[in-house]
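Protein sequences appear in the order of chains A and B.
With UniProt numbering, the residue at position 323 of the first sequence is 323, and numbering never jumps.
With UniProt numbering, the residue at position 329 of the second sequence is 329, and numbering never jumps.
Treat the hints with care, since some could be wrong.
Given that identical chains are not distinguished, each listed pair holds provided it fits within a single copy or across any two copies.
Here are the simulated DSBU-like cross-link-like pairs (lysine-lysine), alpha carbons at most 35 Å apart as the crow flies [claimed, not checked]:
1. 412 x 291
2. 365 x 104
3. 365 x 162
4. 365 x 157
5. 162 x 411
6. 157 x 217
7. 112 x 217
8. 162 x 217
9. 291 x 365
10. 112 x 365
11. 217 x 104
12. 157 x 291
13. 412 x 225
14. 291 x 411
15. 104 x 291
16. 180 x 225
17. 313 x 291
18. 225 x 162
19. 217 x 291
20. 173 x 157
The hints are simulated quantities; they were obtained by calculation from the structure and are not laboratory data.
Number of protein chains: 2
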Amino acid sequence: MNVEIITIGNELLIGQVVDTNSAWMGQHLNEEGFDVIRITSIQDTADAITAALSEAVSRVDVVLLTGGLGPTKDDITKDTLAAFFNSKLVFNQHAYDNMISYLKGRVKGINKLNESQAYVPECCEVINNPVGTAPVMWFDADDKIVVSMPGVPSEMKLAMTKEIIPRLQARFKTGHIMHKTIQVYNIPEAVLAEQLESWEATFPNYMTLAYLPSPGKIRLRLTAKTANNEQANKDFERLTGDLYQLVGENIYAEEDSTIEVLLGASLKESSTTLAVAESCTGGNIAHLITKIAGSSAYFKGGVVAYENMVKQKVLGVEEQTLISHGAVSQQVVEQMAIGVKDLLQSDYAIATSGIAGPEGGTDEKPVGTVWVAVAGDFGVLSACYQFGRIRERNIQRASETGMIMLLQQLKKRSPHV
Amino acid sequence: MNVEIITIGNELLIGQVVDTNSAWMGQHLNEEGFDVIRITSIQDTADAITAALSEAVSRVDVVLLTGGLGPTKDDITKDTLAAFFNSKLVFNQHAYDNMISYLKGRVKGINKLNESQAYVPECCEVINNPVGTAPVMWFDADDKIVVSMPGVPSEMKLAMTKEIIPRLQARFKTGHIMHKTIQVYNIPEAVLAEQLESWEATFPNYMTLAYLPSPGKIRLRLTAKTANNEQANKDFERLTGDLYQLVGENIYAEEDSTIEVLLGASLKESSTTLAVAESCTGGNIAHLITKIAGSSAYFKGGVVAYENMVKQKVLGVEEQTLISHGAVSQQVVEQMAIGVKDLLQSDYAIATSGIAGPEGGTDEKPVGTVWVAVAGDFGVLSACYQFGRIRERNIQRASETGMIMLLQQLKKRSPHV
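One chain only, chain A, in its complex shape (with noise of 0.2 Å):
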């Protein structure tokens, strides 16, 4: 089933705000077997939306519009819808009622602006947007769906997810879609694939496997189009297995998060805490575990030892380390695990230094050279690591990569997270 994706706004065209509502959609519509065929991003004038929405629906049976809807400039897309299905205008107790119970609290009374928001095109439906103000309008005319949704991503992804979705996939009668994804790391896709190739053979017909790959990791996503939910657990069941005969160091989770999620509820589960020592990931690794709301739950705190100074001073890596070995060796990244588990008090650690880049690379130790440790029960680990030449992607694989060991280790202990 098709679908095209059509988002509204100058603020996309004059490159002020990046277009992630479509990706996201993209994504989660491609999960549950709808292929979008294409994404056009307009001007807010009612002949730019008229223009792209009559070429789409020509196109496909299923168009979803964001944006273009909000208290000052939800006029001319609904006004447009409008007059697109021949309709018009009118007074919608439901948006109302939403629009009153979403600000209720927040804001004292309502002004003509927001009511202005109660008001949609007669033919269509209101669906529920319970996390803010604009109305979410389903379009059925002609065997054609049209939705238009907020550009306020929590409001698109909140309504694509409980509504919009759901209905898509009754309506088209899709089909029951399962999928298992399983990530894995430090393994290049052309090798990886080599690898797989009759791994992928054994897939069962209503079977099929999508790489997708990103800097130094790799989703193995298995998409199963079966109303037969057990034969279909079976088989990926069998499957993973199968997998970790071929490439089970590599494998670093069975389900779909970021690295700090899983990390995250790992370490939750164990009651554990952690703590991190930063030089050339520069405190990402503290960001992106603080990123996660509860993460206090476990998470201790940091150093970035960005200078040599800090790394001695504060977690005590020896002078003679740093003179003999240099502040990138295995020797000072272990010393700095360590030092920060014992300073912070936590169960475990990470450690990482290298050089990012651009600049500061030697023959021995070119740019990209990253040393990580990890520190814990288990004692200390630690593995060099040469990423490239992108001082960014340095700094995120390294960060990951740190992550990832320590996730290994912690499930060689629970087997089960």
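For chain A, the structure is supplied; the task is to place chain B on it using the hints.
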């Protein structure tokens, strides 16, 4: 002059990659007087490319394509472009030389896949791509300009900046455009707009003002369409001076850079150093600062003091202060700033302590309450902010506010920075 952008690639449609290229292109084209009126993302099939391109050239005179090139998948895009322009693929020495010079020293020998990259439609002009192997192709037919670029952001950006925008300017005589960007913070857009009404009325008629808001800050972009540089600079200067009279306290920059770049430049220029003590920002300030290449010249490091014990033990915050005033308090955040400045022996320090949310708020200190302190030879300064309910936004705004607070102090010392 209207422009359309077409981004090619299934990875964009299934949401594996967020299309950041379009926003970058939109921003830079907009600054140079071109209006992007539509952005279209399509599958990498001949049909999709031909359809989108035909539609775009029917609407505008300039169409910029990114993606669909590269050693493994460029054939479709190049074949399709050749067919579109009634041309054929031929070996191009310029493209070949470009590729060879890029690959030199990187890989041993070139393979067949690479070699195919030297074949381009006969009717196009190949533009230099010094940072990749894929050709940049410039088509000029029937008064329409079509440019095909690789989707790799670094390659696209260099081609756009060095070649494509200057060529478009020359070709379409867009006229000379100058910009002056002034950045303000901590003032709502509606309030600012009201305060600046009379100021905007004094603009010469060749100059326009754009509000470019993002959470917590607004970029005011003055655009002058004139060939008279001297006059424009004089007017920029007068208007900037007047703006200081109106909202001087809120201005933190007279150039269009990120806060971390501005702060880094200011520290570097004064040969001073910085340390950070982060509670609610959880390492994000350190991360933002160390994302900048060369930050080791002025950044000593930091302490992420997530747990109160870390505030006490590492930063020397007094236990009694924590008990009496709570972690989110003026007293604690000031002690954190002084503590990290002393510990890491830096010239300046930034500290944060707040409730990022979504949990942990109280009636007295609701979610979004953040104390920020800066310390230096000026003493210690602190302020309390209420940012709102969204965790990620609170972290980002607290980080930026801390950096701006220090930047403002540094500017007082050397007002010409």
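Checked hints:
For a Cα distance limit of 35 Å, the shortest separation of residue 412 from residue 291 qualifies both inside one copy, at 26 Å, and across copies, at 33 Å. When the C-alpha separation of residue 365 and residue 104 is checked against a cutoff of 35 Å, the pair qualifies only between copies, where the shortest distance is 21 Å, while the shortest distance within a copy is 60 Å. Taking identical chains as interchangeable, the C-alpha atoms of residue 365 and residue 162 lie at most 35 Å apart only when they sit on different chains, with a minimum of 33 Å there against 51 Å within one chain. In this assembly of identical chains, the alpha carbons of residue 365 and residue 157 lie at most 35 Å apart only when taken from different copies (29 Å versus 45 Å within one copy).
For a Cα distance limit of 35 Å, the shortest separation of residue 162 from residue 411 inside one copy, 33 Å, qualifies, whereas the shortest one across copies, 50 Å, does not. Within a single copy, residue 157 and residue 217 get their C-alpha atoms as close as 26 Å, and across copies as close as 26 Å, so both meet the 35 Å cut-off. For a Cα distance limit of 35 Å, the shortest separation of residue 112 from residue 217 across copies, 27 Å, qualifies, whereas the shortest one inside one copy, 51 Å, does not. In this assembly of identical chains, residue 162 and residue 217 lie within 35 Å of each other by CA distance both inside one copy and across copies; the values are 30 Å within and 33 Å between.
In the homo-oligomer, the alpha carbons of residue 291 and residue 365 lie at most 35 Å apart both inside one protomer (32 Å) and across protomers (20 Å), since each shortest distance falls under that limit. With identical chains, the CA atoms of residue 112 and residue 365 are at most 35 Å apart between copies only, with a shortest distance of 32 Å across copies and 64 Å within one. Only between protomers do residue 217 and residue 104 lie at most 35 Å apart by alpha-carbon distance; the minimum there is 27 Å, versus 45 Å within a single protomer. For the homomeric pair residue 157 and residue 291, the shortest alpha-carbon distances inside one copy (19 Å) and between copies (30 Å) are both at most 35 Å.
In this homomeric assembly, residue 412 and residue 225 come within 35 Å of each other (Cα to Cα) only inside a single copy, at 33 Å, whereas the closest approach across copies is 65 Å. In this assembly of identical chains, the alpha carbons of residue 291 and residue 411 lie at most 35 Å apart whether taken from the same copy (22 Å) or from different copies (31 Å). Taking the shortest alpha-carbon separations for residue 104 and residue 291, only the intra-copy value of 29 Å comes in at or below 35 Å, while the best inter-copy value is 41 Å. Proximity of residue 180 and residue 225 under a CA criterion of 35 Å is satisfied intra-copy only: 12 Å inside one chain copy versus 56 Å between copies.
In this assembly of identical chains, the alpha carbons of residue 313 and residue 291 lie at most 35 Å apart whether taken from the same copy (28 Å) or from different copies (24 Å). Within a single copy, residue 225 and residue 162 get their C-alpha atoms as close as 21 Å, which meets the 35 Å cut-off; across copies the closest is 49 Å, which misses it. Both within a single protomer and between protomers do residue 217 and residue 291 lie at most 35 Å apart by alpha-carbon distance, with minima of 21 Å and 21 Å respectively. Proximity of residue 173 to residue 157 under the C-alpha cut-off of 35 Å is restricted to the intra-copy arrangement: shortest distance 22 Å within a copy versus 43 Å between copies.
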